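*Asks:* The sequence shown maps to residues 1 to 888 in full-length UniProt numbering.
Think of the hints as simulated: they come from the structure by calculation, not from any bench. There could be a bad hint or two in this list.
[Stated by the list, open to error] Calculated lysine to any residue pairs in the SDA-like style (CA-CA distance at most 20 Å, straight line):
| # | residue 1 | residue 2 |
| --- | --- | --- |
| 1 | Lys-692 | Lys-639 |
| 2 | Lys-604 | Lys-551 |
| 3 | Lys-551 | Val-588 |
| 4 | Lys-639 | Lys-551 |
| 5 | Lys-639 | Val-588 |
| 6 | Lys-692 | Glu-725 |
[Unchecked claim] So the derived label-pair ranges between C-beta atoms look like this:
| # | residue 1 | residue 2 | range |
| --- | --- | --- | --- |
| 7 | Gln-364 | Thr-481 | 55 to 65 Å |
| 8 | Ser-337 | Arg-45 | 37 to 47 Å |
| 9 | Pro-514 | Val-271 | 46 to 56 Å |
| 10 | Ser-337 | Arg-274 | 23 to 33 Å |
All values derive from a computational prediction rather than experimental measurement. Where a beta carbon is used, it is the ideal one built from N, C-alpha and C, also for glycine.
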Amino acid sequence: MPRCGSAAVQRHSQGETSRHVGSRADDQTSSISSPVLQQLLALQRPANQDEVSQILSAELCSWRGNPRLATVVLNGLARHRLPCMARQLLTFMLGSHVETNTFHYNMAISACGKAGQWQLALSLLGSMLDTSAAPDTISYSAAISACEKGRQWQLALCLLSSMPARRVSRNEISFSASISACGKGGQWQQALNLLSSMSDIRIIPNVICYNAAISACEKGGQWQLALCLLSSMPDMKVAADEISYNAAVSACEKSGQWQMALSLLSSMPGVSARPDEISHNAAITACEKAGQWCQAMHLVSSMSASRILPNEVTYNSAISACKRVARWQLALSLLSSMPVMRLVRNEVTYSVVISACEKGGQWQLALSFLSSMPHIRIARDEISCNAAISACEKGGQWEHALSLLSSMPDMSIARNQISYNAAISACSTGGQWQLALSLLSSMPDMSVILNEISCNAAISACEKGGQWQLALCLLSSMPNTRCLSDEISYNAAISACSRGSQWHLALSLMSTMPDVRLTPNEISYSAAISACEKGGQWQLALRLLSTMRNKSIVPGEISYNAAISACEKGGQWQLALCLLGSMPDMRVIPSEISYNAAISACEKSGQWQLALSLLSTMPDKRVAPNRISYNAAISSCEKCGQWELGLLLLSTLPEIRLAPNDITYNGAISACEKGGRWQLGLLLLSSMTRMKVIPGTISYSAAVSACEKTGHWQPALSLLRRMPEAGVAPDEIIYNAAIAACKIHGKWQVALNGFRRMLSIRLSPDSGSYNAAISSVKEVGPWQSAYELLSQMPGARLVPDSITYEAILLASCSQRQWQLGLSLLRGAMPLEGRASSTSYQAVIDACEAAGSRKASVVLLSELDLCGCVASQKDQQQQQLYSVGQPRD
């Protein structure tokens, strides 16, 4: 379709030539049947002058008698695009004293035009001045057409402007060829100037001139001017034809005006312009670029009804339309129907099909089509390979992407920027930041120039890999590689800082963007807000959200979600709910992520009623609660001791087709633990396996804690023993809970065995472990064991606290070791804070039992000073001692 201008020039040029040469010669001998022409065509290219002269010498006599006979051979050479041989024929004629006239030169120049040999055409035109053959309008028009084919619009205009000085009249053919040359050179303004100037010299533009001008506007992206020209043709009494409309439809296609393209196509029959495959292809391509795949498919099906045969371009454009909207199944259907339509599938077809598979996430199919291309004799190229690498990237198949990249040289396919960029992106998606950086650094060695996309993909890889330092390093080094950092570069680096909890660096980066003439956008702010959220800076997050509105940047869902999450982490549940409620006013539709963050904010602040209220309102807002929503709500019930509601929420999950996970069960078991429902906790733990949910350390920890809080040491130990069989390694928390469960029932031997077991499996007991083990012996166990545990704590780099000392004191006093208890009470315990009344009471009782009434009365006095209440018996003993009563 874009060839309309030059095609018109050729038709008119050939028509003029045939009129001047004369029909009698053509009637006598055709270019196809000429023996001389057949011999010339049989010569091996390039033929030399002697070979050509030897063949032509047989025609020398007849040509001298009738020079017009030579035009038949020249015409044939022009048709076969052999300008050099045409020039050799002219050289032979001149050297053999055969009359050469304008007709002969015109044929030779026309051959140059058909072959795109504009230099030779100009040379022949210039040589005419040295002969008796004066160049005429056809000579100049053919030379202009040759310049048009060679995209030499300046030379075409120079020839056109020189014609009056040579006393050669210009006509519509000269102008149409010049207009077409300007169009191909992207000079649509010059093309329109030429068209408007024709009327000044009394040359009426014909349909070919208009077609060339419309085509020039099409190439320049000036669809409005193209339509203006088309609509003005009737006023100039020029009937628009198929080429006119095709050029206009193509202009609309290139400018994304698919509705106008369809409107033009539908109006063609009304103006006696019959739509053809070019018209439909342009309209289909317009729909393809706009993602209007339904319209594109409708056009394909309507072609058969209009008895227009679709071609390869039709199907390739239709498949591309399916590709843009990830309709890969429909793309494959079109591909399979091409042989039925006797259409040849080519490299373009398969590249587009592979891209359709890529867009649809079908990386296996993309690789399958790529590997099948050699078997059906279709050469794989960089486009098809790049599309396959991108398909692997979208499918998270970084290994396949790298394998394809490395195999491209074996297929004699050069790797380019797109190849490397797709492979780097694949490594980024797969979390392979080291490989991404390796590919980036290897590009210069492979003579592939880095660009912004390469660097941005590598920065994104570092961001996903948590390498914020490397991301910043790449960003700062981009100018050294002559790559201009853009918003995408900065956004990826800000996100990297966000992942690395470097909120101050994220804000610093965003603040420097204006210095490099970049304006932070919604993504920049969202990443910065997210960085503040991860850094616990909820005030800054809200300030950034407010700044967005002041800078006329509309916050999107991601911005609000990050801000709500920031409030959640900062314990600002009221602000979180306020943000959620304001989203509809800002024309932002809350998603499940928005609600989940708000529910989590309520959960962390103990607002279980609000958490459940939010969960219940989600369906009314056309937001489907997901597993995260329920997990947060169950956790809120657990924290507030609402175990019944937690279990009720868990039971409703199957009804809404949501499968609980380990987090769901952990929250429910913990709710049972806080509610003292240890049996239900164990029942939930056992049901996890039936629901194909693997219990983890947290699951077992919650269940053991449930048993510990209700003093059920046997089930706690049973769970502890079952964990290795279930492939779950117990941790310190679980052992602490199990030891504490034994303590309640005085099972000090079992508790100490559990403590020793921790050491044997190389678990490091913490203060809780020591405190639980020491407390287990305080009533009935040997106080020496407790004291031994106390002495081990410094070696474990643990500092005994008040709980530790009180447990030792109680253990020693319960076994009448009042001196040790008194020593602890006087020495170590005050360092950890004020001793409790329980500690005092234990030492007093131990002193009383040992007959040290004086020490007990002193301790009672201290107890009084500490503001603690002594027992009634001890108060009586103190009164007796104070009035000098003798000892009992």
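*Asks:* If a hint holds in the structure, say so; if it does not, say that too.
*Replies:* Going down the list of hints, with the structure as the test:
no. : hint                          : in the structure
1   : Lys-692 x Lys-639             : 26 Å, violated
2   : Lys-604 x Lys-551             : 33 Å, violated
3   : Lys-551 x Val-588             : 17 Å, holds
4   : Lys-639 x Lys-551             : 41 Å, violated
5   : Lys-639 x Val-588             : 32 Å, violated
6   : Lys-692 x Glu-725             : 17 Å, holds
7   : Gln-364 x Thr-481: 55 to 65 Å : 35 Å, violated
8   : Ser-337 x Arg-45: 37 to 47 Å  : 40 Å, holds
9   : Pro-514 x Val-271: 46 to 56 Å : 54 Å, holds
10  : Ser-337 x Arg-274: 23 to 33 Å : 25 Å, holds
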